[in-house]
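Protein chains in written order, with our numbering: chain C, 2 to 425; chain Y, 8 to 377.
Calculated directly from the structure, the hints in this document are not laboratory data.
Where hints are given, some of them may not hold.
[Said to hold, decoys possible] Here are the simulated DSSO-like pairs of lysine-lysine, each with C-alpha atoms no more than 27 angstroms apart in a straight line: (1) K159/Y with K229/C; (2) K159/Y with K299/C; (3) K306/Y with K251/Y; (4) K373/Y with K101/Y; (5) K23/C with K159/Y; (6) K373/Y with K13/C; (7) K23/C with K101/Y; (8) K101/Y with K13/C.
[To be verified] Quick partial rundown of chain C residues pointing at chain Y, CB under 10 angstroms, derived from the structure: (9) K13; (10) P15; (11) W195; (12) E198; (13) V199; (14) H201; (15) P249; (16) E317.
[To be verified] Some chain Y residues judged to face chain C by a derived CB distance under 10 angstroms, without partners named: (17) G137; (18) Q141; (19) V142; (20) H146; (21) Y166; (22) I173; (23) L226; (24) I229; (25) D241; (26) I242; (27) K244; (28) A246.
Nothing here was measured: the structure is a model prediction, and the numbers come from that model.
C-beta: ideal position from N, C-alpha, C; glycine also.
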Amino acid sequence: MEKLEFEQVESKVPGITVFVPKAKQKEERQAKSHTCPQCGGHLAYDLLSSGLACSHCGFKAAIRPTVVGPTVARQEFTVDTMEIAEKGWGKMRNMLHCQQCGAELSYPQGAVATSCPYCGSNSVNVTQSEINLFQPQALVPFKVKPDQLQGITQAWIEDGWMHPSALKESAKIGGFVPFYIPYWAFSLTIEADWEAEVAHTVTERYYDSSSKSWKTRTRVEWRWENGKVKDGFSDYLVSGVDKKRLNPKILAEIQQYNMKELVKFNSDYLIGINANAYDVDLPTAWAECKAQMREIAKKLAISDASNPRVRNLSIEMSYDNERWRYLFVPVYIAVYRFGEKYYQVMVNGQNGRVFGQKPIDWTKVWLAIAAMLLPGLLLTLIGLPLIAIMGSGIFLIMLGLALLVGGGIWAYQVYTKAAGMEAL
Amino acid sequence: MSGQGSEHRPHGELRESLSWMPGGEIKGCPACRRVILSPSQAPDALCPLCYQAELVPQAGLVRLQPPEIFLPAALSETCVMEVLTAFTEKVPFKVDDLDANKMRSRLRLLWWPQWLVDGDLQGQWSGTFGFDYQVKTAHESYGDSGWQSREKVRTETRYLPRMGEITRHYDNLVVPALRDQNLRIGQIGAYDSNKAVLFEQNAIQNNYVQMPEIDPQELLEIAQNGLREKGVQDIIKAAAADRKREVNFEGDFNNLNWTEFLQPVYTTFYIDDQGKRQVVALNGQSGKIYGRRMASVQKAKKLSLILAILPALALLTAIILSIFSLNPGVIAGMVFVALFAIIFLGLAFIPWVRASLWNNSENREKADFR
C-alpha cells in the first residue's frame, strides 16, 4: 500500500495542528518539447513501435505505459464541477478547423495541415478555439498497426454482394488517419419503482343461448402490478464528438473497447496524432446518457411485469453512484471515393473491427428480391389454372404461397439491410 | 474555573461537619442510604430526598473544599405555586393531601452535586474525517405525458485521512457524582450549566446539600473519555470537517482538577391513601416537576358504593315482585326494571375502577424520585 506523505494546513482551532495527505503533483500537461536528442528533429508517436520516433534519423524512445484499467479515477457530478462544465474556462488555443464540415481538431505540434480526416476536404486552416475544460484522464492506446489496415479493410470492402462489382477493384482505401476520439464514460446505478396495468388472458366458459351450448372464450383482464428494478452500469460510453461529424451508427458499431487496457493519459501518445477535443460537453453527454437510461428503465420495468403487454405505466426513477470519466479511444478514419461520392470508414484502433459506408448496387438488390419472390409466385400461378381445369393442384398453390411468404420475409430483410447501409 | 480543587483526592477524611457550611451536620438516611449535609436550622429530621425516614448523624467521607460553582435556584414563589397547582389538577379523586398549599409548606431546597473536571489534553491524533459535498442528480418520472426530469442536489460525504497534534486545556467537564444521576436528570430534566456562578456560602446556608457518592478515582476513565470527546469535537472543527469516522488519540491527560458543582432541586411530599409519603421534586432551574399523582381509591370506592345503592335496591325489588306477582304485565315490567338496574349497577363502579387504573398507571410509569 502506498505510504501517504502529509503536509500541514491551516487549523481552525488554536492548539491543534492539522496535517493532510500531500497532493500529488499535477502533471504538466502543457505541450512538451519533443525534440530528437540525436538530430534535433521532431519526435512523433510511432504506431509501429508504439513509442516515440524521429522521422529524420530513426531514433526511437519507448513510452512506458501506466496501465490503469478500470481503476482510473472516476469524477463525480459535484455542483462545482457541473457549474464549471456549463460555463467553460474561457481560454483559447490553436485548433485545426475544417471549413467544409466544421470539425475542430487539436493541432499536433509540427503537423502539417493537409486534409480533414472526417470529410477528406482540403479546406482546413488553423483557428483559435475555446479550450476544453477537462483533460482526458486515460486513453486506450493503438494496438492495430498501420500495415495491418490494408488487409483488414480490403477484406471488409470485398465482403457482401449488395455492392457494385467495381468497388472491389476501384475503391482502394488508403490514407488512414490515426485518431483519438473523446468519449464520456459514465458509471451509475439506476433504481426505478414502476406501476402498471398488466394484461392477463383469462379463459372462461359461457353459455351461448343462440346455439344452446357451453363454449369457451378468452378475454383480457387488466390487473395492477408494481415492482422495483435496479441495474448498474460501468463505463457506459457516450461519444464526445458531434454526430454531424462522425457517423454515430458507424461509431456505435466499432466502439467496443477493452477498458482493462486503459493507460494513464500521457501527451506523448498524441504527438503527431490527431485528437478531437470534445464537441459534446459533459452536461450534454450526461443528458444523453440519462435519456438512454430512461429507456433502459422503461424496458426493465416492462420485462419485470408478468406480461410485457402493459398500459398506464408509471415509473419513478432515481440515480445513484453517478461518476464520469473522460477518455480517448483510438480509431483509424479513412475517406474513400467511389464514383462521385465520398464514403467514411473507421477501424477500431484496439481490436481492428472495421465498419463504414459502402455504396449499394440497387440493381443487384432488386434482382435478388425478384429471385426470392419468383418461385412462390410461379408455383401459385401454375397451380391456379390446374385447379380450375383439372380440379387438382391445391398442393402446388399451397407450396407456392408458402414460398411466397418465406421469400417475402427474406426479401424484406435484404431490402432493410441495403436501405440501412445506404442510410449510413 | 480551576485551582480550588485537589487532584484525585476530593474526599478528604471522615468528618461530621464541614468548614464551608457552619453549623451543618453530615447525616445519613437509613431508608435511602444517601449522605446529606443538613443545615443547622433544618425544619425537621426527615430525609429531604425520600421522606421515608429521619436523618441520623453519620460520619462520611466528604470533600473538604467548598464547591467551585453552583446554579442559583431560579424559581420564584409564584412560579413554584403555579407548578404545584398545575401538578395537583386533573387528578381524578385526588387524595386530600395532594394540595398545592400543603406541599408548598413542606417544600425544601436541596443542592445535589456533579463533578467538574479541568484538564490538559496533549498528544497526537489521527483519523478519518467526513467532508460533505453536494452532487447534482435527477429524479425521473414517467407517466401519461412521457418522461419528466427533475434536477436534485444530493449531499454526499467524502472520508479523508487527517492527523496532527493537540495541546488544549479544557474546563468544567461535567462528570456524574451520583450513581443515579442519569435517572434523576431523566425525571426532573437537565440543567443549563452555562448559568452557573461562583460558589457563595450564603446562598445555600439553610439548605440541604447532598454529598457525592462516587469517588473521582472511579471516574477517571469517564473523565478522560469526556476530555477526549471534547478534544475530538475541536479536532473536527480544526480540520474543517463535518463529521468523523474514527479518531485515534495517543497522549496524556494532565493537571486534572476536580471540583464540585451544585444544582438546585426542590422536594416536597404528600401522603397518599396508604399513608405513604409520595415525593415530588422540582428542577430548581427549569421548574420541571416530577412525582406520582395518586388518586384516592378510598374516595372513589365510597362514591361507587353510594351510586350502587339505588340500582341495587331497584334490582332487589324487581326480583321480589317478579317472584311474587302472577301478573305477566308486572313480571315483564320488573324484568325491564331489573335490566336497567344491572346497567346502572355496573356504571356505579366506574369511579372505583377509574381511580385504581389511574394509580396503577402512575405506579407503572413513574419510579420513585432518585
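Cross-check of the supplied hints:
| no. | hint | verdict |
| --- | --- | --- |
| 1 | K159/Y with K229/C | holds (21 angstroms) |
| 2 | K159/Y with K299/C | holds (21 angstroms) |
| 3 | K306/Y with K251/Y | violated (59 angstroms) |
| 4 | K373/Y with K101/Y | holds (17 angstroms) |
| 5 | K23/C with K159/Y | violated (33 angstroms) |
| 6 | K373/Y with K13/C | violated (46 angstroms) |
| 7 | K23/C with K101/Y | violated (72 angstroms) |
| 8 | K101/Y with K13/C | violated (59 angstroms) |
| 9 | K13 | holds (5 angstroms) |
| 10 | P15 | holds (8 angstroms) |
| 11 | W195 | holds (8 angstroms) |
| 12 | E198 | violated (13 angstroms) |
| 13 | V199 | violated (16 angstroms) |
| 14 | H201 | violated (22 angstroms) |
| 15 | P249 | violated (21 angstroms) |
| 16 | E317 | holds (6 angstroms) |
| 17 | G137 | violated (14 angstroms) |
| 18 | Q141 | holds (5 angstroms) |
| 19 | V142 | holds (5 angstroms) |
| 20 | H146 | holds (5 angstroms) |
| 21 | Y166 | violated (12 angstroms) |
| 22 | I173 | holds (5 angstroms) |
| 23 | L226 | violated (25 angstroms) |
| 24 | I229 | violated (23 angstroms) |
| 25 | D241 | holds (5 angstroms) |
| 26 | I242 | holds (6 angstroms) |
| 27 | K244 | holds (5 angstroms) |
| 28 | A246 | holds (5 angstroms) |
Consistency with the previously given hints fails for numbers 3, 5, 6, 7, 8, 12, 13, 14, 15, 17, 21, 23, 24, ordered from lowest to highest.
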